[in-house]
Every structure is written in C-alpha cells, then in structure tokens.
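Residue numbers (this note's numbering), protein chains in the order written: chain A, 2 to 450; chain B, 2 to 450; chain C, 2 to 450; chain D, 2 to 450.
It does not matter which identical chain is used: a pair holds within one copy or between any two.
Heads up, simulated SDA-like pairs for lysine to any residue below, C-alpha to C-alpha not over 20 Å straight-line:
hint	residue 1	residue 2
1	K397	E355
2	K141	Q349
3	K47	A36
4	K342	G267
5	K51	L99
6	K135	P347
7	K141	P201
8	K269	W85
9	K397	E261
10	K269	I312
11	K416	R382
By construction, these hints were calculated from the structure, which means they are not laboratory data.
Number of protein chains: 4
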Amino acid sequence: MVPRYTRPAMMAIWAPENRYRIWFEIEALACEAMAELGEVPSEAAKNVRKRGNAAIASFSQADLDRIDEIEAETRHDVIAFLTWLAEKIGPDSRFVHLGLTSSDVLDTCLAVQLTQATDLLLTDIKSVLEALRKQAFEHKYTLTIGRSHGIHAEPTSFGLKMAGHYAEFERNHMRLLTARAEIATCAISGAVGTFAHLDPRIESYVAAKLGLRPEPVSTQVIPRDRHAAYFCTLAVIASGIERLATEVRHLQRSEVREAEEFFHAGQKGSSAMPHKRNPVLSENLTGLARLIRSCAIPALENVALWHERDISHSSVERNICPDATTALDFALMRLAGMMDKLVVYPGQMIANIESLGGVVHSGEVLLALTRAGVLREDAYRIVQRCAMATWTQLGKPEGRTFRENLDADPEIAGKIGSEVLDAAMDSRLHLRAVDDRYRMIFGETNLTA
Amino acid sequence: MVPRYTRPAMMAIWAPENRYRIWFEIEALACEAMAELGEVPSEAAKNVRKRGNAAIASFSQADLDRIDEIEAETRHDVIAFLTWLAEKIGPDSRFVHLGLTSSDVLDTCLAVQLTQATDLLLTDIKSVLEALRKQAFEHKYTLTIGRSHGIHAEPTSFGLKMAGHYAEFERNHMRLLTARAEIATCAISGAVGTFAHLDPRIESYVAAKLGLRPEPVSTQVIPRDRHAAYFCTLAVIASGIERLATEVRHLQRSEVREAEEFFHAGQKGSSAMPHKRNPVLSENLTGLARLIRSCAIPALENVALWHERDISHSSVERNICPDATTALDFALMRLAGMMDKLVVYPGQMIANIESLGGVVHSGEVLLALTRAGVLREDAYRIVQRCAMATWTQLGKPEGRTFRENLDADPEIAGKIGSEVLDAAMDSRLHLRAVDDRYRMIFGETNLTA
Amino acid sequence: MVPRYTRPAMMAIWAPENRYRIWFEIEALACEAMAELGEVPSEAAKNVRKRGNAAIASFSQADLDRIDEIEAETRHDVIAFLTWLAEKIGPDSRFVHLGLTSSDVLDTCLAVQLTQATDLLLTDIKSVLEALRKQAFEHKYTLTIGRSHGIHAEPTSFGLKMAGHYAEFERNHMRLLTARAEIATCAISGAVGTFAHLDPRIESYVAAKLGLRPEPVSTQVIPRDRHAAYFCTLAVIASGIERLATEVRHLQRSEVREAEEFFHAGQKGSSAMPHKRNPVLSENLTGLARLIRSCAIPALENVALWHERDISHSSVERNICPDATTALDFALMRLAGMMDKLVVYPGQMIANIESLGGVVHSGEVLLALTRAGVLREDAYRIVQRCAMATWTQLGKPEGRTFRENLDADPEIAGKIGSEVLDAAMDSRLHLRAVDDRYRMIFGETNLTA
Amino acid sequence: MVPRYTRPAMMAIWAPENRYRIWFEIEALACEAMAELGEVPSEAAKNVRKRGNAAIASFSQADLDRIDEIEAETRHDVIAFLTWLAEKIGPDSRFVHLGLTSSDVLDTCLAVQLTQATDLLLTDIKSVLEALRKQAFEHKYTLTIGRSHGIHAEPTSFGLKMAGHYAEFERNHMRLLTARAEIATCAISGAVGTFAHLDPRIESYVAAKLGLRPEPVSTQVIPRDRHAAYFCTLAVIASGIERLATEVRHLQRSEVREAEEFFHAGQKGSSAMPHKRNPVLSENLTGLARLIRSCAIPALENVALWHERDISHSSVERNICPDATTALDFALMRLAGMMDKLVVYPGQMIANIESLGGVVHSGEVLLALTRAGVLREDAYRIVQRCAMATWTQLGKPEGRTFRENLDADPEIAGKIGSEVLDAAMDSRLHLRAVDDRYRMIFGETNLTA
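Work out the full structure, taking the sequences as your base and the hints as a guide.
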C-alpha cells in the first residue's frame, strides 16, 4: 500500500522487524516445548530464549542488513533469518528449528500478523461505531426525506439513517471476529504435515502460547480456505464503507446540501475554482473500497493449491495481506473521523422535504382516501393526478402545492376533511417507530445517550 | 439469462436449433472439402448436403426430442446429433465427421455463434450511438452545470456531455470489432490438434466458408485467451453503460430534475406512493452492468487449461456465453431507447446553474483578477471569501448573490470593472470549444445534423 | 442456470409457484397480525387465509398464465400477483397488503427462498462429508506420497489427505450456517422502512412464523451486506470444491493413476480415442467453481445502494440467487457422488512412492546424519549429492537407488548404521500422527468407524 | 508492488522523479504553446523551459523533501510541485499552469507513464517470444504425448506446444499495442473540460510533442473506459502467463519429468528435504498472474465516475498502475528466462508416450478398422476392449501391450494386416502438420531458423 494510505500502527505489524520478532517467538516456543518433552537440553532452550530475546530487543538496521545479506546468498528468507539467529545465539542454535519446515514458521507467523492486524481493525470499527452512534442520537428525531431510486419517497429520521449504518457496522464487527477466528490457527507439523519429525504436542504448546488453535490438518501449509474467508470478510466491510461514503457524497451534492464533510479553515477545494468544497474523503473511501474488494478474488483463487501445497499463494499474499489490511485500517479511521465531524444541515433537510410541494405525502393521502371508502384504484388515480400536476408546476409562479391541488380536486371534495389531510401531511408521522428501532439496535439503556 | 432480460434475436442465436444448424454446416463443409481432396466420394458429399439441408430446414420439436433421447443414452451431445443426422442421411453418413473430434465441431460452432451475437451487439451499439447523437445535436448549446465531485464546477453544454458518451460508445464499437476478430477462428484439427487424421486444407475450406480464419495452433480446443479478451471487452462496454446510466440517475434525482426517463401515460412508479417517477431503466442497466462484468473473471480463469485441453471451461461457457451476450444485447437496446426518449429540461438546467448564486463563475473571476494584476494568492483568498459567503447565505432572505458580494468587496473595488465581471459571469464562455470538439467527434459533415 | 446443472429440488425453490406460495404466506401472516392488533376484521383475515390457501393448493399453469397476463398490463409483478389473489379471495382482498410495499414482500420472500436453498446446500455438504469420511477411514493407513510443488516430498496417508478435505468441508458447513443466519431476516416496514403505516409488531409476527428475525433497519430493502456475505460464503465453498476436484484431476493423470473417477460400463471417454477415461466430473466441478465464485463480485457491488434503496440489485439477484445456489447444489452432490465412488489404487501409490528410488526419504536421512553428529551443512551436501545422483540415473540400467548411493558414499560410511538407514527409509514413520489428527477431526468415538 | 517483484526500469517509471519530470514537461510545453499563440511572452516561456530543465536535470533528494514539505502544508500534490517550480524559475513562473487544472497535468502524466511502462512490457513480451521460438525450433520434431483432461491422448510435437504459446504471446503483443493506443491520449482542457480558459491548440501541441493524441472529450479527466480496457489487457496477458506456467508445473511433476526449470548449482529446493527440485518460478508466476488479474475489476469499477468527474478512481490507480505493470514486467521477464533455460527431456517424453503400452494409438487403429470396412460401432467396441485390457494390466508381469492385445483379438484377425497396425502405431504420423503450422506462425523465412 502506498504510504499515503498507511497508518503507522498497521505498518509496524507488516514491518520486517515484527516478522522476525514473531519468527523468533515461534522458534523459541518450539524449542521450549521440545525441552519439556526431553528432546532438547533444558539449558539450551533457556539459552536460546535468553540470547534470542536480547537480539530481538536490540534489533536494528544493522541486523536487517545482515539478514538481507545472507538472503542474497541463500535466496531463502527463513534460512537467512536462522543463520543470523545462530550468529547471535551461538552453538545452542543447533537446537533451533529442529524438524520444522519453513512453512511452519511462515504460516504461523502470518496467523499472528493477521490477528494483530485484525485486532487493530476491530478497534477501528469501534471508532466508526462511536461516530455513527453520536450522529444517530444527535439526530434521532431530525426529519429528512427518505429516497428510493434517488427520488423523494417519504420522510424519515436522519438518526435512523445513521442507525442503519451503525447496525451494518455492528454486523461487520461480528463478521470480523469470525474472520479472526478463521485465520488464528497454528501449524508446526513438518514436511507435508505428517509430524514425522515432530511431536504434535509441540504444536499445541506453541499455539496456546500464541493465542492460536492447532490446525487440524496442515499439509505443510495452513489450508487457504481460511484466508479466502478472511479476505471476503474484508471485502464485505469495504463495501459497507462504500455504502456510507456514497450516502455522504449524495448528501453533499450541490443540489442536496443536507450534510457536508468538515472543511478546514484554509482548505482549498480546487486550485482553479475557489468556490469548491468537495466530498473528497468519501470519494477516496469509495476508491479504497474497490481496492480492498479486489483482493477477494485472488484469495479465493489461492484455495486450490496442488496436492499438499504449492507456493503460488505466496506472491499473492505478500501483497494482499499488508495491502488490504492497511487500506482497510486507513479507510475505517478516515470514515470514523469523517462521520464524527460530519456537518449536518437539518434546516436544509426540511427545505428539501418541502421542495416538491408536499407530494411526498401522497402515500398517506392515498391511504386516507381508501380508509374513507374510495376504491384503491380510484384513489390512486386521483392522488397521482394531483401529485403530477404539482410536480409539473414546481417553481412556476402559477404553481400550486400538492395540498392546494388536493383541496381543489372535485373527486376529493367531501370525501375527507381538512384535518385528515393535515394529519396525512404531517412528517412527524414517520418518526413513530424510531424509539422501537433504537431499542433494537442500541439496547434499552442507551436510549437516553 | 432470465427471460425478462432476453430479446428474441439473441435467444435464437443460442437456441439448440441454431446450434444444430451450425453443427451440420460444419460437418457438411468438412465433407465437401474431403470430397474435393478426393477423400470422400463426391456423390456422398452431395447427398450429405442435400439430405442434411432438408433435415435442418424441416427441423422441429420432434427432432429436438429425438436428439435429447439419444443423448440421454450416450451422454454425449455431439454423438447424439450425429446419430440423429445419420438417421436422416442414411448410409452416406459414414462420410460425416471423418477424423474430426467433437471439439472441432463445438469450438468452431461457438465461434460462429459468438460472431452472430457480436454482429447483433454491433448493431445495438449503432442504435445507442444514434440516440446519443440525436441528443448531442439537439442540445449542442444547451447550457448545463458541469459537476466535479458532485459539486457544481463550471457550466458546460449538455450536448457535449452526450458527445462524450458518444465518443465512448464509438470506442466500444471499435473494441467490439476487435473482440469479434479475436474469436472468429476455426479449428478442424483433430485430436490434440495435430491434423494426424485430417488435411489442414479441410480447415481452411471450412473457415473460409464460415467467414472465420484458421486457428494457428488449436490443441483440440481453440485457445481461451481469445474468449477471455472477448468477455473483457463486454465488461468494458457494460461499464460504459453503467457510466451513462449513472449520469441519468443523477440527472433525475428529485433535487436535480434536469432530465428524466420517459414516463408512460398510465405508468405507476410505486404502488404505495402515487407521486413517484423513478429512473428504473437506468437502475436496471446499472445492475445488468454488474452481471456482465462479472463474466470477465471466470473467462480469464478459463485460459489456463491443462496441457492440450481440459473441459473445465465448458460449464463456464455454457452459461456466460449466452448470459453475457443476452444481457448486453438487452442492456444496449434498453439504453438506446432510454436515451432516445430521454426528457430533457433545459430550463431546470439554467435554474440549477443559477441556484448557487453565481459562485460557479469563481474560476473566471479569479483569472480576471489575476489578469488585472492581483497576486494569485490574494485573488484566490478574495474570491473564495466572496464565494463562501454567498454559499452560506443561500436561500436566506438576507442572502446576497456572488456578484453582490464581489461588488461589495473592498479589495476588489477599483481593480476590475463591472463589464469585466459581466463577461466573467457569462455562461456562454463555456461553449466556446463545442464546435471544435464536435468536429473531432462527429466529423465536419455532421456539424449541421 | 442451464438445466444440465440443475437438480429438481433446487429448481422447485426458485420456481414461480414457490415464490407465489411464499408471497401469499407473507400477506396472509401480515393480515393475521393486523387482525390480532384489531386493524383488520378477524373474519376477513380468516377468509383471506382460507381462500388463499385453497388457491395456492390448487395453483396451476392457468394461474401462472393469468398472473403473467396481468403483469403484461401493469408491468409490476407484485401488483399482478395481488390482483390475481383478489380474484380468488373476493372483497376481503382489500385487507391484503395494507400499508406494505412490494419490497416488504419481495425481500422477505427472498430471505425465505435463500434459507430453503441453504438448507438444501447444508444437506449436500453432509453428503460430501459422508463420502470423505468413508474414504478417510477406508484409507486411514494407506501410504501415498505427499507432494509439495507437484514434486514428491515425503509419504503421508491417503486417509489423512481425505481427512484434510473433510475438515475443510466441516468449516464450510459452519460457514454456511453463519451465512444462513445472515440472510434470514424479515422486513415488513413500509416505504423507506419507517413503519409509518405499519405497526412493528406485524413484522415480528411474520418473522417468527417464517423462522426469520426482524431486520433492525430495513429501508424498504433489507441491507445488501447480508447478501454479499452470503455469496462470498458460496464462493469460499466453491473454491473448496475446486481444491478437491484439482486433487482428483491430478491423481487420475496418466502418469499418476493413484485414483480415478468411477467409469461406467459402456461409457465412452472420447468418440475418437477409445482408450480414454477422463476425469470429466472433477473438471466440470472446476468450471462450476469458477461460475459460483464469479457471483461474489456483483453481490459485493450491490451493497452500496443509493440512499434508502435503489433497484440496481434486482437484476443481479434475479440471476445470481438461483444460478449460484443451483450450481452449488449440483456441484456438491456431484462431488459427493464422485468421492463416494472414487476408485483408489493403493498399489500404484506404493509404486509411486518408490518410483524415485527412495529419495523421498532424504529428509529423515538428513536428520539421522545430524543426530549422529554430522554438521547440518555437511549432511545436507552429502544427502543432496546422493539424491541427485539417484534422480539423474532414474530408469537407466546402471541406475542406483538412493539407498545404494548412500551406502556407497564415503562420507557416510561409519557414521550411521544400516539399521538406522532402514528406519529412516521406512514410510510407516509418516503415519505416526494419523491417530492424533483423526481424534481431532472426527472425535474419539469415531476412531473405529 | 513489493521490492521482491520489482525491476529497476519499471520502478524508475513510477518513481516521483519521473513523475515530476513529466509534470514539468507538460507545463513547459503548454507554456510554449501559449507563447506561440501570443498568450504568454516568448521570453518568459523560454525562461521557464531553461530554468525548469536545469532544475529537473539536477533534481535531488533535497528537491523531493522540499516538495513533500510544501505538500504537507497545502495537502495538494500539484500545487506543491508548482510552488517548488516557482522557487526554481522565479517571477516568470506566473506564466506556468495558466488556465490548467491539476487533472490536466495528472491525467496526461499518467498517460505518459503508462506508455513508458507499456513500451517496457512490449519489450518483455519480445523476450518471451524469443525464448519460446528457440524452444519451438529446437524441439520442432521432438515427439511428446498430447494430453486432454490430463490423460494421454495422442502424440504431438513439443515444438508445436511451444509454438502454440508463441502464437498466444504474439496475440498478447498485438493486444498490448492496442491497449497502449487506448491510453495514449492527452487532456489540456481545463475545468470540466470546456476549454473555457484554454485554447484547444495548446492541447494539440502538447499531445504531439508527447506522442499522444488529444482526448476528444475529457471532462477534466480522461474517460476511464480507456484504463479499464488497458488493465483488462494486462489481465489477459497474465492469464497467458499462467497457462504456460501451469504447463511447466505439470511437465516437472515427479511422475512426468519431461521438462524442468533450470536448477542452479548450489541451489536448495527445500531446507528439510535435500532431494527436492521444485518448479518455484512457474508457481510464482501463477500467483503473480492472480495478482495482475485482480486489478481488472477495480479498473472496470472506475469507469462510472459521477458526472464530469469524481476522484474515486485516484486511490485505485495510485496502486494498480504501478502494481500491475511492475508485477507484469517482472513476470514476463521471469517467464522469458525460465523458458529460455528450460531443461527438456526428450527421452522421458518418448518413455511417457510408451508408458501406457501403446493405447495412445487407439484412435488411428479405430480409423484403420473402419477404413477396412468394420462398422464404426463395432470397431470402437473392439478397440476399447483391447485398450482397457492393456490399461488394466499395466505394470503387471502378465501384462500385454496394446499391440499384443490387438493381435490376439479374434474380431480383428484377418481384418487388417500387420503393416497397417505398424503404420497406425507410428508416432511420426502426428508430426505431419508441423511444417504447415510453423509456416502459419513463424512465416516462410523462419522455417530454417
């Protein structure tokens, strides 16, 4: 991921230093487990741990360079690391990596890195939820027009709109927890995963210490259906980001102006057009969603490795693991900040509700007429006639409001009273279920938040 | 593809009758070529042609049933067809399919069907181009606001907007011609494509008669990079449909109302809300674009068949070949009709240009100030100040237009005259390149169209 | 989905009859709930239920034709159905669909259809698991070569190979249960989901009766992140099918011949080459996996509907809902049958293990040498030398086995005894963890199965 | 793209230095064009060119830091660059960027970078073609078994196999030329592309100098269907790489061993198993193909920008433009090297042809019998019987070859003579069309190459 979309905490997870730290941890734990099983001298295991810890604690650019230097020779990353480690540990290093394959270290390390990345993402979603919750409660009863097909339908509450996205991100949080469990497994099973040279208890020990579960059947590699499910989950979350970003882009349109991304003092929307204030954050999120989503397909194609394993997944994962998690981390935090600072214009929302001369109440008027005994087909014809007339005359001097057209309609006269029409055209009608839904989403205790 | 999105002409191309007609044609042509080469008695070839033609000409449901019946036994579609054909032709049928493999027939037939489908699609694009050209010329100088980021930028011409889409569909037409050439090849090369049992001149003969080129190396199958390129082209065209559909959806938004899909007398936008007129055609096109686009990935995954061939591509193509071409045919014709009948509201376009109090001219005012010697940084600050003030006061009783704010600005006073501001705020400025671009797109002779 | 890949049970779920049955059920339940709330006369609700049930029970082609006829007029599927229903129910039909939108019916019906489809798929996976379990236990200790990169690595058990796929399909079963919960929600919330004209208790009632949960915030539509997650799950399962299909394709290769799809008496592998027996089922599964996987992207693109809803998702779902579930149902059952009848050749597996002259034991020999005190680097060099020599001489008259090369190597002489080499080259070493892993996968009680 | 898969020449194209070099070139050319049109003092334009050239020629890390410093303030990359440039040029800098928008610079620069990248890729494909051509001619008549479904079919030539891939990469070369033309356009059209503040002749001038064509309708951005078509082409090429890589992976399988990636002296295939030589290059290429292919979908999703432009495509392109071209450059050159050094084992190819006891000649035997007057159905039954018997007895002491089974078959006796069977089982039969096809692919003059 380009630096522009990279936050330091996520970068650190995918940095070589962290990888080497985890590699050492896996090797040290395996060594300890072997010592407990009597396969390695206890003193040697302690020495590996002590000297290795010290080497990792003082890890510097010089160590990175040294490892790169060895890798340039051996063309094998794990062997390069082990050689460097041996230089630090001394003779006891011969008890390191005993019977393990490189994949044991690589795949278990990837599991640790992905769980670390996921923990960060889970926190990010919490930030999004906080921002959405804030807006949901601030605008619990803020009337706004609901739109289907981009066309004004009936009024709703802006808070409910936010609550709907909140509910989606709650689902995303739950999905990500499930996805985390998918990839949190450990493999210390040796060549083609038969434990021919390794006691399975070593794997159990390492797994427990790393907060992972042993992989039931690793065949030198952890099966890639797990990673496919993980990246699909990121794709779903990214699509949820896109939905909310699209909403904000719509709300900020010049003709709508119901909400706006925060615009910093001194910010320039365009070098050529000084009047511009653009929803650039939400547009950026739309693009990032496309990027994250695109990682699902290669992750799915990685599943069908040949026989016990091939290495075709490796080049894919070297890219999509850091890229997708980094982009999602950035996107979620950008979204959280954007929604937290979103500038909302309730007055413009009311103005927009009213901008079509009241036709948005056509549904309730239709029901009122049918309740008054008019046949549904007739009622529809009458109300549509009045609504279309209103629509056509919008903005014209001679234009009449929907109510005026209804009042003047001969077929309505005498059917329903003025107070019925008043009630039918009261936007507050559309807020009646807000409390009920907030209870469902935020729980009882949160209603006063 | 579900019947809802299927037009008869495309359905006919993918119908079993057409497939059997083409299969027979391939077999008959191969037989004729063998007769010319002296490998088959001339009389036999003539008989095959004559009786086969008659059988195909009188092809009925009974024939379909008979072929299905045989296939239920043999589990092989080509063998079932050949058996049926033998029943029609009699003893000379032993000169049919001599040395051919099923794939020779299947892949060459697919090439013919795809070229037929493509010819239909090319005609469809012509219809789209016609509709776009009509709107482009009707609204060549119709002013409308140009929008970047969904925010009013500067005026442009609605015709130019249409011309831009016209240019894209011209590109799509060209791409589809290229894609047609990609898949218009013929393979009559036998098992694993070695011509061990077939003279290559048979392939040349059949290819020429069918309007195809011989495939240089078919390995029992025509290589699938051709089909991948073809489906990618459909995906690009579908995305162009989505771009135009998205434009219409935006233009029809309740707050924009600059254009609208034609709404039939008696049409109902919503059963519950009589006032609704929704851009359902363009929304439908957006969904169809997603469907068509999704066929690109499996087509690309089909390329890496194992060795000389495997059959994994078959189940994919049985679906995506009819589905993607059928959906695209439907979508293009729906688009053509929609654009042809699009209701355009030039008055609302002007109203929208003016709705932001004139700030859309900030760019030209900025240039005017710099031309008058004001430092660009200062000019930007001044113009942004006036624009933001206008923006903030929009719709308020005390609100001032951009021009009023400029006129009242002490830093502008004396710098530029009133007539300079008049010129800077004249939307017609933005029409100056329309002629130039129309020449580039439609050619000289079309300027008066 | 083309008929070729459609099983009757899944076809029935997506047939119009089932859709109308569910539509009626939703309407009848909503009517009953309104009756309980006193909004509709109790007798009317009973009448709707009684006459409606009768109409659905006797539903025939004539009814289908009648509905199609009405839809051709009204261009609205739900209105067409309601009109037909009114004809069957009579005057009480005015209490049907009161305050509901079409989307309430459509989205809730889709939830029911998808849960029905998913229940079928869950059963299908059980069949796959049964077949895999059978092979796993039949071949628990059947030695076969483990392959990494397509190259012989070390022996493993064919049963463990099967157990690994069993574990993956257990995960797929669990994922599908989660996906089922994702889409099993109900929306009876009216225009833009505000319950303005509907008591939320109606939704709760309908949901409970249909085995669904109420959707917290439906905005006329059920949010599409649910469906995106669902289709991504199908894509993961499809990829698991592809992995197993790829394994079988490899095993059946002419050069490997360790297992084979069942070949029926009388079956023809090729019309031109009578000797052929091709793994056509597993190749077909590979293609179907591509198809199913391709549905994930449009489902993800469907998430970002505009505002409260647009209808772009509809054309996508009309295709991918039946297509992906139908293809997956077919693929799973084909896989189950294929694995159940898979012909396994343990003798050929042994022959293949031995075909490289024993070099597959190089890893254990390496360990034996290091255990005997040889430096790892030296040991590697020695063993690699012997292995490469063996490899090069394979099939040559003067060729020596790996063991012969080791025995003749001067650097090994005296380092390790013959019995150590015997042990190192005993394939049974690689079966030592099989019991442990079977316990983990199949549980204690299943070990004797 | 991670450094591991990045070659220096491609990295240089996407480096900031190159971007700034191109940005300056665009600005300098636009300034020159304005000077020619009399809109800018001629001396000023010369000064801009002279001082700018010098600044670019001496561009160093300090300049990069300075630009980053300004961007940190202004949050706008083009403004940061222009400010830096102004510091270098002095007062005449006010004639730079006159009437241009940032997009004019950005999109035209992207066109230049993509053409540079494409030129590199075209050269890479030439290297692949060279390697394939070499193998094709070296093994023009090298017999090898053709495989359909992974099962031995009939013999073919290894050279023809290579020639087939050569033909595919010729097509890829042609496609990439077309794709290059797609994206080689220039936009200097100002806000929303109306040329309100810019003479179209400026665009023509800049385009000509940069080797680009003017974009007919740029709407501040160059339309993204061009880039979508471009990335789809990369996806098709990547899939072709995967096909060839898959072939090599198959050929190197332990059971096949017909060809092998070059294995360096001293190379280690596995740290744990000294005998391993793995096709890691072709597996790596398989993964890279997945990565490159995955860029097609977001590029297609980028097409439907809103109205005249939004900025959602930007974050996508910042990643996929360098990533996809870099990965493809690396993959093509890796492929070229791999194919050039591919170790081919003709002896093993013959051994494999013979390994099934001669059944691979069943097709020609079948034809021979039918030519001798046996009914096709009978001939098939007889030949299949002999082939299956051979197959079943493979490797068994009592096993008979296909020929022996044919000779012993009572239904064959007397039907065809021994010399007919000799001819039918001569693999050289399958080389008869090689010359013909080589002429078609490589041309007449190349036949002796």
